[in-house]
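Chains W and A, in that order, are what the protein sequence lines are.
Going by the working numbering, 222 is the number at position 222 of the first sequence; the sequence numbering is gapless.
Going by the working numbering, 307 is the number at position 307 of the second sequence; the sequence numbering is gapless.
Worth double-checking, as some hints may not be accurate.
Distance condition first, Cα-Cα at most 20 Å in a straight line; then the derived DMTMM-like pairs of lysine to aspartate or glutamate [to be verified]: (1) A:354 x W:54; (2) W:296 x A:186; (3) W:223 x A:225; (4) A:107 x W:299; (5) A:164 x W:54; (6) A:176 x W:299; (7) W:223 x A:297; (8) W:6 x A:442; (9) A:354 x A:242; (10) W:56 x A:304; (11) W:6 x A:439; (12) W:56 x A:246; (13) W:56 x A:358; (14) W:56 x A:242; (15) A:328 x A:270; (16) A:176 x A:186.
Everything labelled a hint here was simulated from the structure, so no lab data went into it.
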Amino acid sequence: MADIEKDLQDGVRDALAKKRRLNIVSGNTKTFLGARIEGEAFEVSGHSGIVDYDPKELVMTARCGTSIAEIESALRDANQMLAFEPPRFGTAATLGGTVACGLSGPRRPYAGSCRDHVLGCRMINGRGEILDFGGRVMKNVAGFDASRLMVGAFGTLGILLEVSFKVLPRAASSLTLVHECSDPVGYLNSLSASPLPVDAAAHVDGLCYVRLSGSDQAVSEAKQRLQGELLAGGEVFWEGLREQKLPFFDTDLPLWRIACPPASPMLDLPGHWMIDWGASQRWLKSAAETGEIRQKAMEAGGHAALFRGEGFMQPLTGTLLLLHRNLKSAFDPEGVFNHGRLCPEF
Amino acid sequence: MQVGGLDKGNIPSLVGALRARLGSEAVLTDREELAPFECDGLSVYRRRPLAVLLPSTVEEVQEILRLCGAHRVPVVARGAGTGLSGGALPLEDGVLLSLARFNRILKIDPLNRSATVQPGVRNLAISDAAAPHGLYYAPDPSSQIACTIGGNVAENSGGVHCLKYGLTVHNLLALKFVTMAGELVEIGSNAPDAQGYDLLALMTGSEGLLGVIVEATVKLLPRPERAQVILAAFGDVRRAAEAVGEVIAAGIIPAGLEMMDSLAIRAAEDFVHAGYPVGAEALLLCELDGTSAEVSEHVMTVRDLMKKSGATEVRTARDEAERRMFWKGRKSAFPAVGRISPDYYCMDGTIPRKNLPEMLDRIAQLSRQYGLRVANVFHAGDGNLHPLILFDANVPGELDKAEAFGRDILELCVEAGGTVTGEHGVGVEKLDSMCSQFEPAELAQFHAIKAAFDPHGLLNPGKGVPTLHRCAEFGAMHVHRGKLPHPELERF
Chain W
1 MADIEKDLQD
11 GVRDALAKKR
21 RLNIVSGNTK
31 TFLGARIEGE
41 AFEVSGHSGI
51 VDYDPKELVM
61 TARCGTSIAE
71 IESALRDANQ
81 MLAFEPPRFG
91 TAATLGGTVA
101 CGLSGPRRPY
111 AGSCRDHVLG
121 CRMINGRGEI
131 LDFGGRVMKN
141 VAGFDASRLM
151 VGAFGTLGIL
161 LEVSFKVLPR
171 AASSLTLVHE
181 CSDPVGYLNS
191 LSASPLPVDA
201 AAHVDGLCYV
211 RLSGSDQAVS
221 EAKQRLQGEL
231 LAGGEVFWEG
241 LREQKLPFFD
251 TDLPLWRIAC
261 PPASPMLDLP
271 GHWMIDWGAS
281 QRWLKSAAET
291 GEIRQKAMEA
301 GGHAALFRGE
311 GFMQPLTGTL
321 LLLHRNLKSA
331 FDPEGVFNHG
341 RLCPEF
Chain A
1 MQVGGLDKGN
11 IPSLVGALRA
21 RLGSEAVLTD
31 REELAPFECD
41 GLSVYRRRPL
51 AVLLPSTVEE
61 VQEILRLCGA
71 HRVPVVARGA
81 GTGLSGGALP
91 LEDGVLLSLA
101 RFNRILKIDP
111 LNRSATVQPG
121 VRNLAISDAA
131 APHGLYYAPD
141 PSSQIACTIG
151 GNVAENSGGV
161 HCLKYGLTVH
171 NLLALKFVTM
181 AGELVEIGSN
191 APDAQGYDLL
201 ALMTGSEGLL
211 GVIVEATVKL
221 LPRPERAQVI
231 LAAFGDVRRA
241 AEAVGEVIAA
251 GIIPAGLEMM
261 DSLAIRAAED
271 FVHAGYPVGA
281 EALLLCELDG
291 TSAEVSEHVM
301 TVRDLMKKSG
311 ATEVRTARDE
321 AERRMFWKGR
331 KSAFPAVGRI
341 SPDYYCMDGT
351 IPRKNLPEML
361 DRIAQLSRQY
371 GLRVANVFHA
381 GDGNLHPLIL
391 FDANVPGELD
401 KAEAFGRDIL
411 ELCVEAGGTV
421 TGEHGVGVEK
431 LDSMCSQFEP
441 AELAQFHAIK
451 AAFDPHGLLN
461 PGKGVPTLHR
471 CAEFGAMHVH
481 RGKLPHPELE
491 RF
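Turn these sequences into a full structure, and let the hints guide you.
Below, the structure written as structure tokens:
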């Protein structure tokens, strides 16, 4: 645990002076996402430690290099959690990388995404300035929402130094039901439309998995109302899904993440499917052409990302591309950070 | 950010072009016609715009922005005009773009649990339209019968259910907006977590500085099976504030957790007769929702916690009618206070919850110092304060005093590690307070974001973010992260 903010700022200023490009590196667990890039490795994981955590405030502030493991352990001690269940993809995963990649786990449709939990950040922009945005409170509309803009920006707008985020109490009770299901999209959507305490719902290899979490009575009552057998050690399944350790993910085929409106029928694409997020995120192992997959996803009102391999980001066009380019230069006019990671041209 | 170099000679040609494009009845320029648009919900600020435009189609909005851009005439967009920070205050050298005619619900999609609406649709109308499907739209600002979704997005509106269900930003799926260059942009969708920069988050709460919203798709949630509200009275405010922390510590996230102080309790009770305990110093309303079993379990826990925290009285609503009555008192708090004072000034700071008792002490001190009464109403669950400063604008100097009092409160919020606005926005009202919360480099970054969308600074210029020049003139001591600069120096 150390505060090396000043060193990091000096490093950025030095790179600016020497016109070098930096490739921000922290836990190095999600390098496979997005494009491979050139640039001098700029190590930020040394900037670590929980800065502030009062469980009654439901807010934690930690430095970017703090490991997710350390954060989750501190939260567990206070019977709280990161409700968006970020995939770690390795024990070295850090807060900064998690926010920069903006990934969320199985509870996302029910408790919100990584971005939904971010409240504020401290960062270094591409002028070498240290800036604070947002705050440590739930409600804050002062100034543009620059801190949520950092989520999923893959470090292209600056280096995250600290992030403040909302945390939530762990449910008193949680269990997983499993049953054979031939219409998973219909079934999972019917759950989402009900007031039941569902906080994860997935389908793979003909089986629907539904996690119920809440007060003891709420969970046991919901269990009576739903079909399915109790899955012993259900958490192992959800952990496997979150970390992509289930047998489904053990593949040599390209792995696609297709986000779509939850009630969309199954897309007419060859391959093997796994349904997550109450049917709004679908994983596809397929050798189909990139163009075909993206086209079908778009027709369904969604988007597709090649999760492992080059081609994570769907190319941008028109005004949307212009706004991205303008925002990039608003934060990083010299293009010092993670050039090309998100979009080839910046 | 520079307000475009307006050439007055251009105005007649612009108005003529707008009339030709929109039709005369959609371009208002007469004094009397402009009068209702002179202010928003913050009526102490008033300005008459050059013209009020009432387009009916997205193409017309695009055309207006293109024409105004070409003439370098600034544009202020307006929804229902219920905002409390002057965000929709017109500019004398600009046009006011009213979205009032964009009032159609385009689609309720019960299967995907979303609603696609035009920006002028009222907040409550969405929940009404979704109700037959057992769904509703969660954010519920107190003005929800009148305020529109476009304004809600522009301000990132909250409401009493934010702690559990989030702000507008957490309940928005997609937007269509028009840039100052007249380009239509679509962001987000019914599919979660679009790739690229999170423009949806950036647009939300951008106070009309980045684009004009012409369509929004929002998330609908299933109605909870049951909601119950607990009313707890306390003999002192500090105990009530501590009780809030105890509820959270017990692992319960209430759907709403509101607090009122004695002046607000009495005003609300006189106004709507909600059955509030008028002798109490503080009142907590704690709403619990979920499945029937869960609500029953949590009601027991919360009742016990309130009693242990020193509540003098704890009641649960006997039926739905009483539950609604309890809330009506809270939601009518502003107009209720309006009945006991000729004018009131509503503040909107947020602080970490643990600082509530100290903050209330400091507000009471300031109240004595300024000689102005304060009624405190707040979203206790998320630390969002609404102190209502009572004053009489007809007494010379009282408005200035009230504004100075308000700024002092906001500075205390920043000192306590909070923010100058939780949900009402900066508008024109809190520009000076922004100088306390942000460093020059941060404000410069905001201006750069603005320029990324609107290089000529024509969309709602002069709102939301103060110029560095203004901050230098205002001369506020910058209070950063709860610390004054150079704490070693004595201050006089």
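Hint check:
Distance restraint check for residue 354 of chain A and residue 54 of chain W: the Cα-Cα separation of roughly 9 Å lies within the 20 Å cut-off, and the hinted pair is therefore satisfied. With a C-alpha separation of about 19 Å, the suggested pairing of residue 296 of chain W with residue 186 of chain A holds against the 20 Å cut-off. The hinted pair formed by residue 223 of chain W and residue 225 of chain A meets the criterion: a straight-line CA distance of about 16 Å does not exceed 20 Å. A distance of roughly 18 Å separates the Cα atoms of residue 107 of chain A and residue 299 of chain W; the hinted pair therefore holds under the 20 Å criterion.
Of the supplied pair hints, the one linking residue 164 of chain A and residue 54 of chain W holds, its CA atoms being roughly 18 Å apart against a limit of 20 Å. Between the alpha carbons of residue 176 of chain A and residue 299 of chain W the distance comes to roughly 18 Å, so the proposed pair stays at or under 20 Å and holds. A C-alpha spacing of about 17 Å is found between residue 223 of chain W and residue 297 of chain A, which places the hinted pair at or below 20 Å, so the restraint holds. The hinted pair formed by residue 6 of chain W and residue 442 of chain A meets the criterion: a straight-line CA distance of about 18 Å does not exceed 20 Å.
Taken as a hint, the residue 354 of chain A and residue 242 of chain A pair is honoured in the structure, with Cα atoms around 8 Å apart against an allowance of 20 Å. Note on residue 56 of chain W and residue 304 of chain A: the hinted pairing holds, with a Cα-Cα distance of about 18 Å set against a maximum of 20 Å. Note on residue 6 of chain W and residue 439 of chain A: the hinted pairing holds, with a Cα-Cα distance of about 18 Å set against a maximum of 20 Å. With a CA separation close to 8 Å, the supplied pair residue 56 of chain W and residue 246 of chain A stays within the 20 Å bound.
Simply put, residue 56 of chain W and residue 358 of chain A have alpha-carbon atoms about 16 Å apart, close enough for the 20 Å limit, and the pair holds. Between the alpha carbons of residue 56 of chain W and residue 242 of chain A the distance comes to roughly 10 Å, so the proposed pair stays at or under 20 Å and holds. For the given pair, residue 328 of chain A sits about 12 Å from residue 270 of chain A by alpha-carbon distance, which is consistent with the 20 Å threshold. With a C-alpha separation of about 4 Å, the suggested pairing of residue 176 of chain A with residue 186 of chain A holds against the 20 Å cut-off.
The earlier numbered hints are all upheld by this structure, with none contradicted.
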